[in-house]
Each structure stands twice: as C-alpha cells, then as structure tokens.
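Respectively, the protein sequence lines represent chains A and B.
Under my numbering, the residue at position 466 of the first sequence is numbered 466, and the numbers go up by one with no gaps.
Under my numbering, the residue at position 77 of the second sequence is numbered 77, and the numbers go up by one with no gaps.
Incorrect hints may have been included.
[Claimed, not checked] Here are the in silico distance ranges between beta carbons for each label pair:
#, chain 1, residue 1, chain 2, residue 2, range
1, B, Glu72, A, Gly640, 35 to 41 Å
2, A, Thr623, B, Glu72, 37 to 43 Å
3, B, Lys26, A, Gln638, 46 to 52 Å
4, A, Gln638, B, Ala82, 20 to 26 Å
5, B, Thr67, A, Thr623, 33 to 39 Å
[What the hints assert, rightly or not] Stretch-level coverage of chain B by chain A, calculated; a stretch enters the list once three of its residues show a Cβ under 8 Å from a Cβ in chain A:
#, stretch
6, 39–47
7, 68–82
Simulated from the structure, these hints should not be mistaken for laboratory data.
As the structure is a prediction and not an experimental result, all values here were calculated from the model.
Ideal Cβ placement from N, Cα and C applies to all residues, glycine included.
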Amino acid sequence: MYDYLWLIPFFPLVGFVINGLLGKKIRNEAIIGGIATLMIFLSFLVACGNFFTLLKDSEKVHQQVIASWMSIGNLQIDWGFLLDPLSALMIMVVTGVGTLIHLYSIGYMHGETGFYRFFAYLNLFCFSMLMLVLGNNALVMFVGWEGVGLCSYLLIGYYFDKKSAGDAAKKAFVVNRIGDFGFICGLLTLFWALGSKGVWTVNFVEIAENAHLLESGGVVVTVVTLAFFLGATGKSAQIPLFTWLPDAMEGPTPVSALIHAATMVTAGVYMIGRLNGLFAMAPDTMMTIAIVGAATALFAASIGLAQNDIKRVLAYSTVSQLGYMFMAMGVGAFSAGIFHLMTHAFFKACLFLGSGSVIHGMHHAYHKAHLHDDPQDMRNMGGLRKKMPITFITFLVSTIAISGLPFFSGFFSKDEILWWAFAGERGHWMLWLVGAIAAGMTAFYMFRLVFMTFFGEQKTDPRAKDHIPESGLTITLPLMVLGTLAAIGGFWGVPHVLGGIFGHMPNYLENFLAPVFEHTQVLNGIEIKPEMAHSKALEFGMMGVSVGIALVGILGAWFMYIKNPELPGRFVASFTGLWRAVYNKWYIDELYDAVFVNNCKRIGTFLWKGFDVRIVDGIVNGTAWVVKGVGSGLRYTQSGFLHNYAMAMVVGVVVIVGYYIFG
Amino acid sequence: MITVYHYLILSAIIFSIGTFGVLTRKNAIVIFMCIELMLNSVNLTFIALSRHLQNMDGQIFVFFIMTVAAAEAAVGLALMIAFYRNRESIDSDDFNMLKW
C-alpha cells in the first residue's frame with residue numbers, strides 16, 4: 001500500500017489541472033464540483049488504505065522517493081514522501097475534512113461567478129497541504145508551506161472586486177512572508193549546523209537521527225528552533241503575527257473552514273511535531289512557545305468576547321485554540337497537541353460550516369426581500385433553531401465540544417493539554433491558570449454566539465425573517481458527519497485516568513503516536529512530574545475545575561443573553577472604555593500600523609522619491625542625455641554627399657597604407 | 001623589354017585615374033565605370049605578379065574579381081534604373097535622402 005503514497009497529493013493536483021484549464025469551458029457546476037470532490041475523495045481513500053496498513057504494521061516509518069530533485073556533492077534532495085503515525089493522522093484529517101468541505105462548497109458556492117476557479121484553488125490547496133504534510137524533507141515541506149500560503153492568498157481574495165477582500169489577502173500574504181523568513185533562516189541554520197558536524201541533510205528522518213550531534217540546550221539549537229517557531233507563528237496565527245487570520249474571514253466560508261481553521265493554520269503545530277527532537281533539545285524555545293501559546297489563547301479569547309460578526313468570533317476562537325496547541329507543544333505534550341489539532345479540525349470545521357449555513361440562509365432571505373443588511377452580523381439573527389434544525393444541532397454539539405464539556409471531543413484534548421501544562425516537567429501552574437481562564441472565555445463567547453444566533457427572539461428584518469430556509473443536503477451532510485466526529489472523536493484519546501470508566505479503554509492516539517514522540521520525551525526527560533504522576537485525585541480535580549470553569553462561562557452567557565437580554569447593553573454602558581478596547585481588538589492593528597506598517601511605508605516612500613527618482617532615474621536619464629549631446633554634435637559629419645564619403649575612404653586608405661609603408 | 005615594373009606602373013596609373021574619376025564625377029554611370037577601372041587595374045597587378053612569381057594564385061583571384069564585378073555591374077545598373085525612376089536623375093548629388 002505504501003507504494004501508492006504519491007497518489008495522495010497527486011489526485012488533487014489532477015483536479016486542479018482539469019478545473020484550472022478546462023473549468024471555464026465546462027461551466028456545468030455539478031461536473032466541476034464533482035471532479036474536485038471526487039479527486040480529494042480518491043485521495044482520502046488512498047490515505048485510508050495507508051493509514052490502516054500503518055496501523056497494523058510493526059514498522060512505523062516509511063519513505064517513498066519518486067524522483068531526485070537536486071544532487072550536490074554529498075547532498076541528495078528528493079521528491080520524497082514520509083509516512084509515519086504523525087503524517088498518517090494529518091493526511092486523514094486533511095483529506096477527510098477536505099472531502100466534506102468540497103462537498104459542502106458545491107452547495108454553498110452555487111451560482112457564484114468563478115465557481116471553477118474556486119474549486120481549482122481548493123484542489124491546489126489540498127495538493128500543497130498534502131505535500132507539506134507528506135514531504136520527507138524540509139524543502140518539500142517548504143514547497144507545500146509556500147503553496148498553502150499562495151492558495152490562502154488566492155482564496156481570501158476570491159471576491160477580488162471587493163477592496164476589503166483584496167486588502168485582507170495581501171495582509172495575509174505579507175504577514176505570512178515574515179514567518180516564512182523565519183522558516184528559511186531556521187532551515188539554513190540547521191543545515192549549516194548539521195553540515196559542520198559532517199551530516200549534510202534536510203531529510204526529517206536523518207535530522208532526527210543526527211540531532212544528538214548538536215549540543216542540547218545550546219545556542220545553535222535554540223536559534224534554529226526559535227527561527228522555526230517564528231515560521232510557525234506566521235502560518236498558525238500566533239502572537240505577534242496573528243492579525244491576518246481574523247481579516248482572512250473575507251474569503252468564502254468553506255475556505256475559512258478548510259484553510260483557516262482545520263488544516264493550513266495547524267501547519268505550524270505539525271511542523272513543531274515533525275521536528276520534536278530538535279525542539280525538545282531547546283528548553284528555552286519550548287518555554288517561549290508555551291508562553292506565546294498561552295498568551296495567544298487568552299488574548300484572542302478576550303477579543304472573541306465582544307465581536308458581533310459570526311465569522312470573526314470563530315476566527316478569534318481559532319487563534320485561541322491554536323494557542324492551546326502551541327502551549328501543548330511548548331510543555332512537551334506533543335501527542336496532546338496533535339490530538340487537539342485533530343478534534344479542533346472536527347469541531348471548528350463544523351462550526352465554520354454551520355456559520356456558513358446560517359450566512360447562506362440569511363443571505364438568501366435578504367436577497368429575496370431585496371435588503372442589503374449584513375448577513376454575518378449576529379445582532380440580526382436570533383431564534384434560528386427552528387428554521388435550521390440540522391444546522392442548529394450540529395452547531396450546538398460542536399460548541400459543547402469546543403467548550404470542553406464531558407465527554408465530547410474537546411473535553412479530552414483540552415484537559416490533556418491543561419493537565420500537562422500543570423503537571424508536566426516543563427509546565428507551570430501559571431500556564432494552566434491562563435489556559436483555564438481562556439477555556440472559560442471560550443465557553444462564554446461560544447455560547448454567546450449560539451444564544452445570539454439560534455435562541456431568543458428573531459431580530460431579522462421582518463420583511464426577510466420568513467424566508468430563511470434550512471440549507472440543502474450537500475451542506476447539511478458534511479455538518480452531520482463533522483458534528484458526529486466532534487461529539488465522539490475524543491474517544492480515540494481517552495486519558496489513562498479516565499480509561500477505567502470506559503472499560504479500561506487505552507489511549508489509542510497516544511499509543512499510535514508514540515513511535516514519533518516517545519523517544520524524544522524519554523531522551524529529554526519530558527514527563528509528568530513524578531510526585532503528581534500517580535495522583536488520580538489531583539487529575540480528576542483538575543478536570544473538575546476546568547469543567548466547572550466552562551460551566552461558569554456557559555451560565556454567564558445564558559444569564560447575559562437569554563435571562564437578561566438587556567444586561568450586555570448595561571455592561572457596555574458602565575465599562576465603555578474596556579468594552580471599546582476589546583471590541584476594537586485591543587487596537588493591535590492600529591498599533592502595528594503605527595509602529596511597523598507606516599514606518600515601512602515611510603522608508604518605501606523615501607526610497608521611491610529620494611533614491612529611485614533622484615539617483616537611479618538620474619543615472620539612467622543622465623546617460624541618455626550625454627549620448628544625445630554627443631550624437632547631436634557628431635551628426636554634422638554625415639553630410640549625405642556621396643563624394644564626401646568616397647573622399648573619406650580614400651584618405652583613410654592612403655593614411656593606413658602610408659602608415660605601413662613609411663611608419 | 002617590358003618588365004613587371006611597367007605593368008605595375010600602368011596599373012597604378014589606371015587605378016589613380018579611376019579614383020580621381022570616382023571622386024570628381026557626378027554622373028553615377030561614370031562613377032560606376034571608374035570603379036570598373038579600379039577593379040581592372042587590380043586585375044592587371046594580379047596577372048603581372050602571378051607571371052612574375054610563377055604562381056597561379058593571382059590568376060584565380062582575377063577570376064573571382066571578374067565574377068564579382070559582373071554581378072556588381074548587374075546589381076549596380078539595376079539600382080541606377082530604380083533610382084532614375086524615382087528621381088529622374090542619376091546625379092550623385094541627388095543621392096542624399098539618408099542625410100540628417
């Protein structure tokens with residue numbers, strides 16, 4: 001089965017080529033969408049085959065080289081793929097969620113101009129993402145890394161005739177570029193560092209095998225991992241490079257679900273998991289990652305509390321949940337981080353698709369009533385649970401999952417992260433505290449969203465309120481599948497302490513990922529602190545606390561948005577300054593504009609008007625001016641009379657011959 | 001006794017006449033004829049030296065020059081006719097359309 005590994009990225013590439021080249025001619029939406037969906041579904045089937053073969057296989061690392069890319073001296077770089085438990089899990093998530101979102105898009109994008117363009121980009125994205133995940137060396141990963149960035153740009157700017165969409169696309173691209181710079185710096189430094197020890201390689205397996213050549217905790221490994229982490233903050237929207245993700249909501253909703261929630265933004269987490277051997281050797285970097293992750297989780301959650309745009313709430317929620325994943329990576333809980341990545345892909349994709357379904361319905365109603373209200377503003381919604389029952393139920397399930405109520409998927413993954421943050425050798429109770437507060441905020445803003453959208457009185461314009469339909473099957477089917485996964489997906493990684501409740505259920509996921517992470521964890525002493533490792537009471541206690549915090553958040557949301565609907569207004573009135581700061585995202589965009597963007601513009605303007613116009617153009621124009629002057633002087637030698645030329649020739653011949661005879 | 005020097009002197013005289021004609025005459029046909037004179041003076045030099053040095057290379061060159069001169073005459077006269085059709089003149093002072 002491993003011989004067919006290359007087919008996984010190959011199918012979406014075929015879909016991209018077909019739709020990209022012929023889509024405009026095909027025109028038929030069913031065929032275009034069908035081809036794109038079929039291609040990613042075929043990838044999913046191949047991924048399943050590989051996944052289940054690997055599950056039973058005792059040998060857990062397989063590489064397939066399909067072609068040589070470059071060969072320089074001892075350095076050999078291939079177009080190669082790597083299948084191990086980590087990448088196997090990722091390809092399942094990418095192709096599985098990808099298939100559902102392709103299917104969803106057929107319904108959601110119906111009637112859009114550029115329908116074929118959308119699916120071509122979507123397929124190209126899947127190809128790039130699979131290259132990123134499957135690449136067996138850092139350069140192939142980088143190709144995918146850049147590819148997903150490109151597709152993200154193209155899809156955010158899908159409605160390119162809207163200025164805000166174009167701006168958001170550019171912002172995403174530029175901010176990602178800063179991160180990519182870090183990635184390249186890390187890669188080159190690592191290449192040089194290993195090379196100076198005699199190992200010239202970019203292959204992940206060889207990097208892992210030779211990581212011990214570098215000094216553990218030394219400067220080199222810290223610099224390398226910090227640079228890689230900068231790359232991760234760009235791609236995965238962490239402080240300080242998170243500002244592009246909320247703006248990226250300008251793209252169509254399926255794009256937000258696939259790229260900006262489930263897959264691309266988790267690339268940074270995946271990359272850290274892929275290079276876990278290196279990261280574990282740099283405790284300072286790990287601490288930085290954990291702190292940045294925790295800070296992002298709290299910070300983004302706080303902004304999410306006050307947003308009114310349904311997709312923006314989800315965007316900040318995504319930033320916040322990514323912060324959790326980074327916190328997990330930072331405290332060495334690699335498998336917990338990947339576990340949260342997986343469950344997050346389920347529930348956040350479902351939430352985004354659910355919000356898409358709501359927006360679709362609202363848009364439809366406004367369109368019918370010839371109104372131009374904002375279909376994404378939650379203040380125009382309310383009471384939609386009766387109009388859109390399937391959307392409502394799946395949305396509610398996912399909201400419960402993200403809030404971490406037992407025994408939905410988010411509960412297991414989030415609690416494992418918090419437990420490691422509290423009790424791990426590299427954890428700290430402050431990290432746990434920040435994570436727990438963020439969890440409470442998450443529960444609050446997510447239920448605020450549910451209450452504002454699906455409960456209470458319907459606040460839609462009366463002319464439109466009766467035209468809101470439940471979405472069609474292509475939209476609701478993915479919702480149901482993802483909703484189910486969001487509900488039960490956590491049982492794959494039940495922590496040991498809870499295993500007893502479910503008939504001694506082992507932690508399948510941790511065991512599955514052990515070949516990738518266990519060695520590193522043992523080597524670097526990353527474990528639960530011994531004095532806490534066997535304290536079941538403590539672990540249960542922590543779980544109880546975090547569930548309690550989530551319940552407080554939910555009750556708070558219920559109290560403010562169902563019980564006393566006038567309370568939020570009073571709250572805003574009494575804490576105007578605080579509310580305005582949160583509502584305006586703590587003015588981070590303005591701060592960045594003032595500090596970085598405007599200064600860059602100033603430098604650019606200087607280089608344009610000062611350097612380019614005066615010096616560069618001056619040299620060019622000066623050269624032309626000199627040549628012109630010389631030419632206008634010399635033109636008098638060209639009289640146009642034949643005899644002058646003949647005379648010049650004769651004189652010339654006489655002079656030359658005379659020189660040879662008499663000279 | 002006519003030696004090679006006589007031939008060379010004759011050839012130099014003919015060449016000078018040709019050069020003088022090219023530089024002074026205005027009628028394009030005459031200029032053309034003067035060029036032929038110059039070519040033929042060169043031919044004469046080649047033949048004389050070929051005989052003097054007992055080497056056939058010079059004679060081969062003469063054949064080439066005659067061939068080229070024939071071709072040149074054909075092209076040159078065609079140009080004259082084309083020019084005459086345009087300007088009703090073959091005066092070399094009228095060949096001035098490319099000057100500044």
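Notebook entry, point to check: Which earlier hints can't be squared with this structure?
Noted result: 1, 3, 5, 6, 7
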